[in-house]
Amino acid sequence: MNSREKILAAVKKNKPSLTPFPEVKFDIEKKQINELQSDFISVLQSIQTTVKKVNSWQEIEAAILLLRQKGYYLFNAIDEIENDRSLLTNQTKVDLESLDFAFIKGAVGVSENGAIWIEDKNFVHRLLPFICKHLCLVIEADEIVSNMHEAYQCIECNETGFGVFISGPSKTADIEQSLVIGAHGALDLTVYIIENPAEKSP
Amino acid sequence: MKNKTIEHAIEAKAFGLQESRVDWHDETLWFIRNKRDKAALSVPEWELLRTYASAIKDHTLSNLNEYLMNFERQAQKNNVQVHWAYDAEEHNEIVFNILRKENITGIVKSKSMLTEECHLNQFLEQKGIQVTDTDLGERIVQLRKEAPSHIVLPAIHLKKSDVSHTFHEFLGTEKDNNDPQYLTSAARSHLRQMFLASEAALTGVNFAIAETGAIVVCTNEGNADMGVHAARVHIASMGLEKIIPTTADLGVFLRLLTRSATGQPITTYSSHYYKARPGATMHIVIVDNGRSRQLGNESFRNSLKCIRCGACLNTCPVFRRSGGHSYHYAIGGPIGSILAPNNDKSKNYDLPFASTLCGSCTNVCPVKIDLHDQLWKWRQVLMKEGYGPDSKRIMMKIMAFILAKPSLYKVAGSTARFVLQYFPFLVRIKAFNPWIINRELPAAPSISFTTWYKKNRK
Amino acid sequence: MKVGLFIPCYVDQFYPKVAIATLELLEKLGCEVVFPTNQTCCGQPMANSGFEHFSKGCNKNFIKNFEELDYIVCPSGSCTLHVKEHLHSERKVLEATHIRQHVFELTEFLVDVLQVQALDSKFPYKVGFHSSCHGQRGLHLSSMSETMTVPFSKPEYLLEMVDGIEITHTTRVDECCGFGGTFSVFEEAVSAKMGKDRIAEHEKNGVQYITGVDMSCLMHLEGILRRKQSNINVKHIAEILNGN
Numbered sequence: 001m002n003s004r005e006k007i008l009a010a011v012k013k014n015k016p017s018l019t020p021f022p023e024v025k026f027d028i029e030k031k032q033i034n035e036l037q038s039d040f041i042s043v044l045q046s047i048q049t050t051v052k053k054v055n056s057w058q059e060i061e062a063a064i065l066l067l068r069q070k071g072y073y074l075f076n077a078i079d080e081i082e083n084d085r086s087l088l089t090n091q092t093k094v095d096l097e098s099l100d101f102a103f104i105k106g107a108v109g110v111s112e113n114g115a116i117w118i119e120d121k122n123f124v125h126r127l128l129p130f131i132c133k134h135l136c137l138v139i140e141a142d143e144i145v146s147n148m149h150e151a152y153q154c155i156e157c158n159e160t161g162f163g164v165f166i167s168g169p170s171k172t173a174d175i176e177q178s179l180v181i182g183a184h185g186a187l188d189l190t191v192y193i194i195e196n197p198a199e200k201s202p
Numbered sequence: 203m204k205n206k207t208i209e210h211a212i213e214a215k216a217f218g219l220q221e222s223r224v225d226w227h228d229e230t231l232w233f234i235r236n237k238r239d240k241a242a243l244s245v246p247e248w249e250l251l252r253t254y255a256s257a258i259k260d261h262t263l264s265n266l267n268e269y270l271m272n273f274e275r276q277a278q279k280n281n282v283q284v285h286w287a288y289d290a291e292e293h294n295e296i297v298f299n300i301l302r303k304e305n306i307t308g309i310v311k312s313k314s315m316l317t318e319e320c321h322l323n324q325f326l327e328q329k330g331i332q333v334t335d336t337d338l339g340e341r342i343v344q345l346r347k348e349a350p351s352h353i354v355l356p357a358i359h360l361k362k363s364d365v366s367h368t369f370h371e372f373l374g375t376e377k378d379n380n381d382p383q384y385l386t387s388a389a390r391s392h393l394r395q396m397f398l399a400s401e402a403a404l405t406g407v408n409f410a411i412a413e414t415g416a417i418v419v420c421t422n423e424g425n426a427d428m429g430v431h432a433a434r435v436h437i438a439s440m441g442l443e444k445i446i447p448t449t450a451d452l453g454v455f456l457r458l459l460t461r462s463a464t465g466q467p468i469t470t471y472s473s474h475y476y477k478a479r480p481g482a483t484m485h486i487v488i489v490d491n492g493r494s495r496q497l498g499n500e501s502f503r504n505s506l507k508c509i510r511c512g513a514c515l516n517t518c519p520v521f522r523r524s525g526g527h528s529y530h531y532a533i534g535g536p537i538g539s540i541l542a543p544n545n546d547k548s549k550n551y552d553l554p555f556a557s558t559l560c561g562s563c564t565n566v567c568p569v570k571i572d573l574h575d576q577l578w579k580w581r582q583v584l585m586k587e588g589y590g591p592d593s594k595r596i597m598m599k600i601m602a603f604i605l606a607k608p609s610l611y612k613v614a615g616s617t618a619r620f621v622l623q624y625f626p627f628l629v630r631i632k633a634f635n636p637w638i639i640n641r642e643l644p645a646a647p648s649i650s651f652t653t654w655y656k657k658n659r660k
Numbered sequence: 661m662k663v664g665l666f667i668p669c670y671v672d673q674f675y676p677k678v679a680i681a682t683l684e685l686l687e688k689l690g691c692e693v694v695f696p697t698n699q700t701c702c703g704q705p706m707a708n709s710g711f712e713h714f715s716k717g718c719n720k721n722f723i724k725n726f727e728e729l730d731y732i733v734c735p736s737g738s739c740t741l742h743v744k745e746h747l748h749s750e751r752k753v754l755e756a757t758h759i760r761q762h763v764f765e766l767t768e769f770l771v772d773v774l775q776v777q778a779l780d781s782k783f784p785y786k787v788g789f790h791s792s793c794h795g796q797r798g799l800h801l802s803s804m805s806e807t808m809t810v811p812f813s814k815p816e817y818l819l820e821m822v823d824g825i826e827i828t829h830t831t832r833v834d835e836c837c838g839f840g841g842t843f844s845v846f847e848e849a850v851s852a853k854m855g856k857d858r859i860a861e862h863e864k865n866g867v868q869y870i871t872g873v874d875m876s877c878l879m880h881l882e883g884i885l886r887r888k889q890s891n892i893n894v895k896h897i898a899e900i901l902n903g904n
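Protein chains in written order, with the numbering used here: chain E, 1 to 202; chain V, 203 to 660; chain Y, 661 to 904.
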């Protein structure tokens with residue numbers, strides 16, 4: 001008997017009698033879209049994230065252009081606008097080490113904890129969100145949900161090879177519990193929320 | 203019978219000699235317990251979440267073999283190689299063989315208590331593999347050649363001056379510069395080099411999803427991702443109890459995990475690994491190492507529900523005042539004291555006694571493990587099997603004999619009071635009566651309540 | 661109402677005043693109290709040390725003394741909890757079950773069974789409340805700081821009926837005092853440190869007394885208070901409620 005068989009046999013023999021899977025149901029208050037957004041923003045701000053509200057993709061493009069003009073090393077993976085996705089495939093880890101900025105679009109934002117879901121099919125190179133110094137995530141205003149249960153209903157987890165919820169910049173408190181922002185991942189995080197132009201009042 | 207040299211009580215006493223350090227350790231962890239309370243209070247459905255998490259884990263354990271096989275099937279569909287390790291030694295050999303086959307001589311590691319349990323680092327180093335722990339706290343203790351003292355906060359027992367000293371010695375940082383920002387930057391630069399140079403990365407597993415074959419790893423530092431995505435081989439070590447049925451279940455567990463651990467609503471990164479990227483390979487090592495045995499033990503089965511949040515360590519008044527190293531096992535505190543005897547009774551029989559059974563741990567556990575009840579049950583098992591000092595066994599037997607018989611009890615009671623009143627020096631010998639080291643004994647009344655009752659009421 | 665008085669062994673021997681206060685209090689509240697004089701110990705010291713298998717003699721004696729009674733009241737949370745959870749007998753199964761279902765800690769008996777609304781008692785002092793763990797987390801005598809539930813406290817509900825009393829709480833509202841039975845001897849260093857820390861919090865509040873439902877916790881705290889020659893005294897809740 002190999003280890004796999006030994007282990008599975010032991011587990012089968014020792015497991016308790018079957019208990020049913022619980023029906024997970026919550027009576028969570030449904031929030032309005034603007035309340036979701038304000039909660040999302042206040043959580044992000046409390047975890048040292050800069051939040052910028054914009055009204056169009058052009059504003060994001062302008063921000064990216066400005067950074068490039070200032071000479072920053074930058075990759076933009078956002079499909080909705082002119083981007084560097086084709087370049088990213090061939091970047092090595094050494095190439096990316098000195099990367100200053102990365103722009104990535106998120107699929108859903110979670111207002112209870114400021115988390116944004118991004119998938120590798122959207123940012124091409126898996127190191128991109130971690131290796132850069134300054135991470136910029138873009139989320140559409142109507143893609144902000146209340147909590148993790150709702151978030152998981154929105155994403156198709158197994159369609160990609162890797163996905164991650166990112167909430168704030170990397171950090172650690174391992175040295176005498178002093179909070180230090182910027183550990184091994186990005187040193188800071190900026191979140192752009194694109195307001196839905198159709199909902200803007202005249 | 204079966205005595206050993208490392209005892210929690212002795213280590214704890216040594217830890218306690220520097221009272222200011224104990225106070226600082228205690229207050230730091232209590233502060234984290236407070237943060238947990240605030241986070242829990244901010245979620246109106248908190249107690250319901252705990253109930254669901256507990257029930258999901260109960261269900262999973264009751265069908266664990268099927269879930270494990272499903273997990274393996276799904277992972278293999280994703281071209282992930284799944285290995286099975288019956289014990290710690292086999293786990294270590296599997297990891298080594300993967301590296302050997304790939305001609306890799308160095309590996310970066312993110313936090314994995316399982317690998318601590320298996321003593322993986324020492325094993326690999328003996329085989330000539332360079333191992334670099336990349337979680338900041340773990341890297342600090344690795345350089346100091348210490349074990350982590352807490353499952354979530356590995357360097358909680360160290361002050362920034364200790365870290366500064368270590369970094370000065372190993373990383374060449376400025377002597378006596380204790381600024382955490384400066385020291386963290388130095389670690390970032392140092393470990394970046396390791397990430398870029400490394401071809402293999404090992405991670406732990408917070409959750410393994412049976413439905414999809416995915417694994418989830420939660421970090422604040424981003425070290426798991428830096429390691430894995432810069433390497434061409436990813437090895438993920440997991441205890442077989444880390445399985446949860448579906449992706450949707452992560453909603454329950456991710457909402458509980460970090461709030462329980464540090465009071466944050468979620469870690470910075472909650473990384474979901476399904477497939478290796480093109481050109482790279484991914485391995486998962488499923489480890490038993492006594493878990494299937496614990497599964498079969500009705501008294502202790504619930505301990506397998508643990509999601510390694512550390513909340514029980516933070517709330518435990520004994521852990522806070524004795525430090526993680528006093529538990530002489532990979533994991534300390536209440537959960538460690540339940541897992542350790544299953545691993546090795548002869549080395550760990552003292553641990554279930556490192557507790558007043560106050561029950562605070564059971565209340566903070568996000569998956570409702572009956573921690574303090576299990577500590578009590580382990581005491582029965584271990585004493586019945588003959589572990590611990592014979593002197594204690596004999597004393598208990600005498601006590602039981604006297605207390606069972608009213609006449610003997612009365613004689614013993616009046617004798618005790620008599621001695622206490624007229625010959626107090628006999629009971630004030632520290633070597634025989636540890637009570638007296640820091641406390642006075644109670645005063646001796648002249649008669650017992652029973653005698654008073656017989657005189658005044660009967 | 662006929663009530664059996666269950667007195668912890670160390671209270672019988674070292675703190676008879678607590679037992680007398682309990683007896684008098686129950687009588688004042690209209691109970692006919694009987695004290696089975698052949699009771700000894702509930703067996704907790706052995707059981708918590710891992711030697712439950714030695715406590716059969718204690719269980720047998722306990723059942724013999726209390727099997728005829730419909731209510732058994734005890735001025736101790738931990739002893740009551742022990743009997744409730746661990747009193748077993750191979751030969752007297754029904755009697756053991758009956759006792760387990762009818763044993764009460766004093767304050768839970770006063771609140772839940774007697775439904776006391778007022779007490780004729782005066783204690784014009786500043787009193788620090790110590791939340792003994794087994795009573796609180798085991799018997800649910802009060803809510804717990806770890807769980808997100810509605811706050812309540814049976815012991816404090818009764819204390820508030822006492823004339824002139826000022827009740828204070830420590831910042832760490834329900835941290836363990838460190839007694840833990842034989843833990844107080846076998847892990848003496850940690851036990852004493854935990855007790856010292858509790859006392860430091862009460863001292864900050866400037867209390868004159870520390871009270872609680874378990875004399876064992878109070879005995880441990882008193883030991884430390886006497887060692888440092890403190891002016892603070894301990895007083896079991898039975899004595900305060902009885903007006904001693």
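These aren't lab readings, by the way, just hints derived from the structure by calculation.
Watch out, some of these pointers could steer you wrong.
Said to hold, decoys possible - DMTMM-like, lysine to aspartate or glutamate: derived pairs with alpha carbons at most 20 Å apart:
| hint | chain 1 | residue 1 | chain 2 | residue 2 |
| --- | --- | --- | --- | --- |
| 1 | V | K656 | Y | E687 |
| 2 | Y | K864 | V | E221 |
| 3 | E | K12 | V | E587 |
| 4 | E | K31 | E | E176 |
| 5 | Y | K786 | Y | E745 |
| 6 | Y | K744 | V | D575 |
| 7 | Y | K856 | V | D260 |
| 8 | V | K547 | V | D260 |
| 9 | Y | K856 | V | D225 |
| 10 | E | K13 | V | E249 |
| 11 | V | K607 | Y | E750 |
| 12 | E | K25 | V | E268 |
| 13 | Y | K864 | V | D228 |
| 14 | V | K347 | E | E156 |
| 15 | E | K15 | V | E221 |
| 16 | E | K12 | V | D260 |
| 17 | V | K656 | Y | E750 |
| 18 | E | K6 | V | E291 |
| 19 | E | K6 | V | E292 |
| 20 | E | K133 | E | E195 |
| 21 | V | K579 | Y | E745 |
| 22 | Y | K744 | V | E292 |
| 23 | V | K361 | V | D228 |
| 24 | V | K279 | E | E156 |
| 25 | V | K586 | Y | E687 |
| 26 | Y | K720 | Y | E750 |
| 27 | Y | K716 | Y | E745 |
| 28 | E | K6 | V | E247 |
| 29 | V | K361 | E | E176 |
| 30 | E | K12 | V | D289 |
| 31 | V | K507 | E | E23 |
| 32 | E | K53 | E | E176 |
| 33 | Y | K744 | Y | D730 |
| 34 | E | K25 | V | E247 |
| 35 | E | K15 | V | E209 |
| 36 | E | K93 | V | D572 |
| 37 | E | K53 | E | D39 |
| 38 | Y | K888 | V | E642 |
Structure-inconsistent hints, enumerated in ascending order: 3, 4, 5, 7, 8, 10, 12, 14, 15, 17, 20, 22, 25, 28, 32, 35 and 36
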